[in-house]
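There are 4 protein chains.
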Amino acid sequence: MLTHFHRIGIVGKFGDPVIAPTLTELYRFLLQRGHEIWLDSQSADFLDTPSINGLHIDRLAEHCDLIIAMGGDGTFLAAARAAADHEIPLVGVNLGRLGFLVDISPEQLTNRLEQILEGHYKTESRCMLHASIFRDNVEIHRQTAVNEVVVHRWVTPSMIEIVTSINGVYLNSQRSDGLIVATPTGSTAYSLSAGGPILHPGLSALVLVPLNPHTLSNRPLVIDDNVEISIGFGQTRQINALVTCDHLEIPDVLIGDKIVIKKADKMIKILHPEDHDYFHILRSKLNWSVG
Amino acid sequence: MLTHFHRIGIVGKFGDPVIAPTLTELYRFLLQRGHEIWLDSQSADFLDTPSINGLHIDRLAEHCDLIIAMGGDGTFLAAARAAADHEIPLVGVNLGRLGFLVDISPEQLTNRLEQILEGHYKTESRCMLHASIFRDNVEIHRQTAVNEVVVHRWVTPSMIEIVTSINGVYLNSQRSDGLIVATPTGSTAYSLSAGGPILHPGLSALVLVPLNPHTLSNRPLVIDDNVEISIGFGQTRQINALVTCDHLEIPDVLIGDKIVIKKADKMIKILHPEDHDYFHILRSKLNWSVG
Amino acid sequence: MLTHFHRIGIVGKFGDPVIAPTLTELYRFLLQRGHEIWLDSQSADFLDTPSINGLHIDRLAEHCDLIIAMGGDGTFLAAARAAADHEIPLVGVNLGRLGFLVDISPEQLTNRLEQILEGHYKTESRCMLHASIFRDNVEIHRQTAVNEVVVHRWVTPSMIEIVTSINGVYLNSQRSDGLIVATPTGSTAYSLSAGGPILHPGLSALVLVPLNPHTLSNRPLVIDDNVEISIGFGQTRQINALVTCDHLEIPDVLIGDKIVIKKADKMIKILHPEDHDYFHILRSKLNWSVG
Amino acid sequence: MLTHFHRIGIVGKFGDPVIAPTLTELYRFLLQRGHEIWLDSQSADFLDTPSINGLHIDRLAEHCDLIIAMGGDGTFLAAARAAADHEIPLVGVNLGRLGFLVDISPEQLTNRLEQILEGHYKTESRCMLHASIFRDNVEIHRQTAVNEVVVHRWVTPSMIEIVTSINGVYLNSQRSDGLIVATPTGSTAYSLSAGGPILHPGLSALVLVPLNPHTLSNRPLVIDDNVEISIGFGQTRQINALVTCDHLEIPDVLIGDKIVIKKADKMIKILHPEDHDYFHILRSKLNWSVG
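Residue numbers (the working numbering), protein chains in the order written: chain H, -1 to 289; chain F, -1 to 289; chain R, -1 to 289; chain X, -1 to 289.
Calculated directly from the structure, the hints in this document are not laboratory data.
Please note that a few of the clues may not be correct.
Same chains, same label: a pair holds when it works inside one copy or across any pair of copies.
Claimed, not checked - Simulated pairs of lysine-lysine, DSSO-like, Cα-Cα distance not exceeding 30 Å:
{"id": "1", "residue 1": "K256", "residue 2": "K283"}
{"id": "2", "residue 1": "K267", "residue 2": "K283"}
{"id": "3", "residue 1": "K120", "residue 2": "K260"}
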């Protein structure tokens, strides 16, 4: 066995028994090829192999050369965030429905993986965001996001006033339901529902998308990703806001807090089959037909 | 006189006598500083100085070290396109209403220009687009655009079917009223009316914005500007299309023609006062107030 | 035979041989039931029955109690406009792909039609628009529209300035690519691509939708359909505009012309199977799935 | 004194001393005309007249023939909701900034009011919504709204799945941040920020506007206001939702609850100066200028 991906981690869709058959097929395939295989604890339960030991998803990356995420884009995001510090490459396998990130279908599973494990693949790097919450100039929370960081109004139906600066230069104050800062990866997720554009994954850019802004000309803004975005609140009344990083919540953000968003130092490395075609996935996911 | 901008060209708002007082002030100011001054032929008529000789706007750049465009953003675009081949830097002066490109106001005219001519300025580079129309593999038209290249349906109220490839890879076929390819400079012009995002001018990106697409998920796509965009038509019925580069028209584009859009080799060089603030202009032009 | 729809007209998709099998089935079914059958001239050619005589679509309504439109929504529109003056009821048959107006599928053809011809149907009334072009206070064109009347910029890539009044009260002047005035029927057609809302067909309302307006707060306006909408132009430069009624063109509208749009006196009467469900068609046509 | 509006109630902007001068002017004007005057308790404090007795806003309508709301549209909404059961007519006075509902400016105050009190006015009726929350078929909350009823996701950043029926007929299931049901009055408020159309106040219609829906073709739907809208949730996971009626909150709505929205029996009666012009207000509030 000559592949440089000897030790392989598998992250399955969280707690969903539907992964069992494809997981079993994948396990046997890798076993046969002589790989050392690690599973996340949840997925280990779905494999009918009592001897296998599961590992917490956050510890997988320490033991592996490659991680295979099996499920939807959400599963891939969870695996990517867990592997982020180690910059381990990831491969995405879907369960029958193409995702933006999980581009290998079950029926092509062994065929496509074989090619990748033999070294025939395209590498793609995707940036992540790093959000910090500062209270009285002390960082009280930090979190990583692959798709987006969102500042939401919270426990109030009233719009909040969000004050944004970029690299220390005042951008604007907007009354809205919140503000999304999305990566190209996130541009086809929540940001798209909120009226944001699609950012090609090869672009070194971020998009700021206001959520239902009071001022109708307050439109999405695309900026270079090499910036520091600083977000505060303009209210004088006490409010609470919520910050989310993908689907992780940082609640109870206070009116005097400051949210600082930057590109993370580490990138996600995704391995794709050599014929990977982003535009094909776009057409498929967004139901673009000829007319 | 030590400035390296000795020979200065002036391009005024096309045929509009409203420029006369500010033009006269500018002319005297430059004369006093000992500059060699050239005017475009139209503007020369509005200057009460019989001795001055006008030059066709396309020839100004050959004789000048710096061009001052005076009017609205449209005047600046015309000057920029005319100066494009020579990469002469431009300065924009408005006539009382701030523009995205004409950021010096008449009341600050001499003060701001003095600073710039003394060497105190920020330089900004903006990309241009280059569009070619090919018929039977022969290039039959070529044109440069600062804001956008647009493919429109023409002499038909029916939607057209536009087939787009990027770097030779098929993107999509869309039925719509047309397709905008806009630079960051153009992102705050027609593209914004059609639902496109704002692209920060520092971003090396373009945006493709469909015009009233039949498929509602056909949303603006932001891509790196280092690409070749190829646009054809999917119709079988004979149609005519119109291609515009800013406001220059290339009519009678045929169904078998191919439109190829690339970033132009040359960049526009804009000189700004040192306290230039793009976000301030954005807030002002889009009427963003606190809420 | 007791049905009150004795004489039946058939309008097929214009010049498309794909209708032949379903048309033949329909013809035989109606013949067997003893109906008097008339076809539009185009469709008559696709029927392998030399004895049948085609009639121009505009004359069908004079001879029939009911018209069956077979094709897509476009075919239905053409039949409806042709039958408008006589208020003959219409039934829509699709060719395998559900339309908003053609809601009977080929596989249910005889079954559904039998029910309708036996008197088991729901009647729905849809309004039409009537557009008149006035030059020097003389009406020089008039046309009927089922979906929408559109005022477009024409032979110019520049936005036009459209001045609108409703019942003689000034609404606004907008710079844009044009203005759509759509019926509820038209609200799911071009108007939807331009950002308009869906109007339930039971609503006595029209929607005005600007096409890519320069002012971003210029949003769709829904008004009662019992109004007179008057549209003129604010330009001083000579321009040409185009007015379309559905897909019929009235070109060469001049800057001094006035376009007056009112609800037509006559309504379209559509017969639906008794289990007709507009929301089902909406979900199907707009690809609304659970998530 | 012959006017039929003898007893007049005044509702001022909640707790804002800025109303004092205009309030004093209004009070003196009405006193001079011999009216019986009642103030809401908050406003009474701002009037330098120790003898005046304030009344709780909810009880004002019982004692008055006319209510004058002074402040912004929010103040008018509060007064309208409080007066709803008694169908007392309302007049809106702004504090210097035109509102959709408060159309009399301070500088025209006595002049315009005199006309209205002398019987020279236009009456406009605006519908309200009535929302009920049902748990296990028992109505546990009910509330009235002038602008809109909104179902929001609550204490979760994940989209919720909202299942809507109209008059008992299933409309759709949508994953989104929530759903707005707005009156024509509310169509220029939150609904507009969320992408809804403007509904002319004379229209007997409501608009359903999804908040950032996952499915991009899930667009605003305008329906007759004589319907019963029933909203439930499609989730299987336990979620909490929030229902708001204008800015009044009904939190802790459960996944099994049903929200039923209908037009309220009572209408709001607004009295306007005879030259009242809705389109003028629209142009002013939405910053529609000529271009």
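Results for each hint:
1. For the identical chains of this complex, K256 and K283 are inter-copy neighbours only, at 28 Å across copies versus 36 Å inside a copy, given an alpha-carbon limit of 30 Å.
2. Within a single copy, K267 and K283 get their C-alpha atoms as close as 22 Å, which meets the 30 Å cut-off; across copies the closest is 39 Å, which misses it.
3. For the identical chains of this complex, K120 and K260 are neighbours both inside a copy (27 Å) and across copies (25 Å), given an alpha-carbon limit of 30 Å.
Of the numbered hints given earlier, the model fails none.
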